[in-house]
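Go ahead and model the full structure; you've got the sequences and the hints to work with.
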Amino acid sequence: MNRLGMGPVVGAGLARDKEKRYVEGGRLAPLLRFCRQDQVDESEENMKTANPSHRGNPWWVTGLLLALILLLHGCAARPPAGEPVISKPPVQEKTAASSLLASAHQAVQAGQFNRAEMTLERALRVEPRNARLWHEMALVKYGQGDYGQTVQFCLKANSLAGRDSALIRQNWQLMSRAYAKMGDIDKAEQAKMKAEAAN
Amino acid sequence: MFRKKKAAPKKGKSKKIKSLRSTFIKVAVAVLVLSSVAFIFYANYLDKVIRAKFDGKRWSIPAVVYARSLELYPELAFTPEMLEEELQLGGYRKDQQATAPGGYDRQGNVMHLVTRDFYFTDGLEKSLGVTVEFAGRRVAAITRTDTGERLSLVRIDPARIGSFHPREHEDRVLLKRSDLPDLLVKSLVAVEDQHFYIHFGVDPFAIIRAMFVNLRAGETVQGGSTLTQQLVKNFFLNNRRTLGRKINEAIMALLLEMHYTKDEILTAYANEIFLGQDGARAVHGFGLASQFYFRRDVKDLSPDQIAMLIGMIKGPSYYDPRRNKERCLQRRQVVLDMMRSENVINEEQYQTAKAAKLESSDTIMSGFNRYPAFLELVRRQLDRDYREEDLTGDGLKILTTLDPQVQIKVEKHLAATITSLEKQTGRKGLEGAVVVSSRDGGEILALAGGRHPLKPGFNRALDAQRPIGSLVKPAVYLTALANGYTLATPVDDVAVTLTSAGTKQWRPANFDKKEHGRVPLYQALAQSYNLATIRVGLDVGVEKVVANVRRMGVDRDFSPYPSFLLGAAPMSPLEVSQMFQTLASGGFYLPQRVIGSVLTADNKVVKRFGLSVEQRFPADIIFLLNNALERVVSEGTAHSLASYVPDYIKVAGKTGTSDDLRDSWFAGFTGDKLAVVWIGRDDNKPTRLTGSGGAMVVWGKIMQSLPLQPLELTEPQGIEWARVDTASLRSFTDYFGEKAWLPFIAGTTPRQTTIARQQPDRQAAPPAEKLRKSGTNLWNTIRNWFR
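Each protein sequence line maps, in turn, to chains Z and P. As numbered in my numbering, the first sequence has no gaps in its residue numbers, which increase by one up to the final residue, 199. As numbered in my numbering, the second sequence has no gaps in its residue numbers, which increase by one up to the final residue, 787.
The reader is advised that the hints may include incorrect statements.
Unchecked claim - Going by beta-carbon spacing under 7 Å, a handful of chain Z positions derived as facing chain P: (1) Val108; (2) Glu121; (3) Gly162.
To be verified - Example chain P residues on the side facing chain Z (calculated, C-beta under 8 Å, incomplete): (4) Asp122; (5) Leu124; (6) Gly586; (7) Thr600; (8) Ala601.
Unchecked claim - Away from chain Z, derived, C-beta distances all over 10 Å, residues of chain P: (9) Arg21; (10) Ser152; (11) Arg296; (12) Gln381; (13) Thr486; (14) Arg507; (15) Arg556; (16) Arg608; (17) Val613.
Just so you know, the hints here were simulated from the structure itself, not pulled from any lab data. Every residue, glycine too, gets a C-beta built ideally from N, C-alpha and C.
This is the structure we're talking about:
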């Protein structure tokens with residue numbers, strides 16, 4: 001039972017597809033997550049790794065209606081009755097880069113930084129302009145104790161981050177720690193300030 | 001006690017005879033002893049020679065070089081044709097069942113393949129049966145053939161692109177005794193040396209029999225050499241068939257048999273025997289020969305294939321299946337007859353084998369070391385980091401960055417374009433070089449050292465030192481942008497005279513011999529104006545420009561003369577590539593890599609060349625410069641590139657022409673690749689080609705034939721866009737009527753400009769019009785609220 005006392009969604013299979021749709025659509029996702037805390041796990045996984053290429057699909061009319069319903073009634077977890085299921089092709093569970101990234105994370109957790117580095121290099125061949133991957137590489141370099149390269153990879157990640165201020169902040173924070181490790185207190189302070197300024 | 005009273009010896013004659021006889025005996029004995037000693041010493045010497053050669057050969061296994069491993073994933077731009085080409089390069093065989101590792105089958109847009117086990121740097125990638133579906137020139141889906149499970153990625157074992165003995169230039173696929181199939185061994189013995197297991201190195205019966213046969217035939221039909229003798233002959237590979245040589249070989253064969261077992265000798269034979277010529281390279285050994293002639297491992301050879309190879313032993317060129325099909329076939333049938341009569345094969349095998357067709361020439365892998373120019377770079381990098389002794393160690397595996405898809409296109413288009421350029425200019429003798437690397441990784445994907453890839457000799461990509469001409473200008477303008485200039489700063493493209501003590505006056509000129517007056521900086525770069533460049537360069541200081549060129553990764557000393565500003569300094573295409581790599585990667589120095597890692601024969605990592613970066617220039621300045629380089633292509637000297645590469649790719653590049661049109665250069669990058677092309681003549685005479693007329697055409701044709709990724713320059717923080725007012729400049733109309741929206745570092749935007757409220761869409765009209773457009777679309781606006 002979720003917070004608002006709405007019963008579990010009937011017809012698990014059917015509802016799962018629709019739920020997936022709304023989750024994938026992304027627009028109502030935060031609201032849904034908020035409402036359906038106990039059934040969120042799998043869909044969150046999908047959220048992280050799904051290929052969000054469903055912009056422009058024609059269900060936004062329904063979305064609009066739902067938005068109005070939401071505003072009036074709080075959370076709506078069930079789709080309007082009688083709504084036909086629009087079958088979509090199954091979503092790619094993971095992209096090549098994200099599965100390599102997951103593998104790199106596993107390696108880091110096992111303390112195998114060299115393996116993580118090699119896996120990230122493979123990921124970077126697939127998506128060379130992905131700022132997050134460069135940041136992950138910086139983290140691996142930090143784990144390897146190569147603080148000079150940690151800074152450089154963070155700079156590279158920043159150069160590709162565009163307007164992703166969250167990532168930019170993370171990069172400056174990591175640079176600050178790396179500078180501190182190298183004993184360069186001035187640069188560490190400057191990086192810290194840049195991290196705070198990044199918004 | 002026997003005592004005989006001797007008559008007193010007659011003095012004189014008998015004494016003389018006796019002393020003569022004893023002297024003679026003594027001398028004879030001495031000679032015998034001496035010659036035995038001499039013989040022993042000689043035999044010892046031969047022994048040492050043979051041991052050194054044999055042991056040396058047995059233990060030194062060549063290093064094997066691999067291309068990059070292909071990783072397939074959905075959405076990757078790849079076609080079934082490309083995959084088929086890649087697999088064939090890797091020695092995969094078309095096999096309708098496609099069940100064994102190394103087999104593949106194609107049905108239209110669907111490929112089934114079974115990858116082979118391979119030990120990468122990060123561990124073993126096990127053999128896997130996969131099905132790859134293609135759609136619209138991309139990979140659509142990848143699934144496991146057995147379970148249908150979808151895969152997000154599949155890594156295919158890399159293709160062998162060559163091998164080298166660091167000391168010699170021979171190829172081997174070394175086999176152990178257990179690798180030799182029984183049928184091969186039995187057939188070899190049956191055909192070449194029936195008493196192999198019995199004799200002690202030399203087979204006198206075989207020699208006698210051969211003598212009789214040859215006398216009867218009137219010519220040399222049969223040889224009496226044992227496998228051991230043949231092995232010795234192969235070791236030393238000399239053509240002098242004198243009696244002296246034959247005796248030497250006989251002695252060495254005996255010595256060999258004394259030191260080594262039959263199995264060892266047989267294995268060495270199987271690895272040494274000369275079985276053909278492939279261009280400049282010799283094919284030695286059954287391992288390599290079965291790959292070369294049949295694209296298969298020696299254990300997969302059929303009886304007729306074994307017979308063909310054994311038949312070739314007597315004369316690999318004489319019985320060459322590529323050139324002398326009939327002879328080769330006949331010889332094979334003779335060998336099959338012998339195999340049958342010695343009962344090595346039964347009647348059924350015999351009939352099948354006799355009926356089998358000779359392998360077609362297509363299967364034969366020409367140029368086993370197919371990319372010698374690239375391999376040369378690999379060797380140099382290894383030489384730089386390793387001593388020769390380390391390299392001879394057993395069977396190193398070298399995983400490189402070569403992308404065969406790119407290399408194939410580079411070779412094809414370089415050769416074809418040079419030929420057509422020669423026709424166009426009416427003069428022969430053009431040569432070229434190409435270096436392609438990945439934009440953000442700095443991995444060398446392809447390298448061409450000349451228009452004839454298989455011709456050994458001068459590797460122009462690495463060693464041709466040619467003036468880079470206008471390719472130096474990006475460095476000049478980079479220095480300017482870092483010293484107070486903006487893309488809109490007016491610069492004067494007017495005559496300048498330079499004098500320095502002790503030399504003549506220098507009055508440089510533009511290519512079109514005109515002066516263009518006051519122009520914005522970006523235009524001076526886009527149009528490659530010499531006069532403006534010199535003025536700017538002298539203003540910021542030639543030393544600064546030189547320092548920046550070095551900072552971009554060119555490890556050379558340059559004299560800071562003004563002529564440097566017009567590219568008088570020579571560099572190799574590879575150095576130019578490294579220089580532009582720093583621009584392509586957004587200001588980060590990225591040491592270009594050609595080797596990924598080196599593994600030992602038992603797959604332990606010897607060395608890994610990992611990714612490393614170093615920010616050498618601020619991102620915002622590089623952004624401005626790269627923007628200007630895009631304009632070189634969209635409106636400047638490289639505008640005819642549009643005939644090959646569509647506008648929306650937004651290539652950033654620079655043409656280069658040196659003095660008197662001796663060197664034609666083009667360097668440019670797209671979303672994922674950087675390529676540098678040089679065209680010129682080895683004798684350094686003028687080519688009659690400009691950068692855009694020669695090298696750029698090659699560049700365009702190569703890129704056109706590869707999947708293209710549009711260039712997106714990620715805008716760093718602190719950039720403003722503005723439209724520059726014409727009032728401050730003399731002539732300010734872009735060639736194609738576009739409004740010049742230029743980026744500026746915040747705070748440097750010149751007065752008299754309109755600052756955009758947001759970064760404009762580079763394809764569309766200025767912002768004001770854009771807002772008007774979207775204002776009419778209510779639904780879009782509402783939808784935007786939900787984004």
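| Hint by hint, which ones does this structure get wrong, listed from lowest number up? | 1, 5, 7, 8, 10, 16, 17
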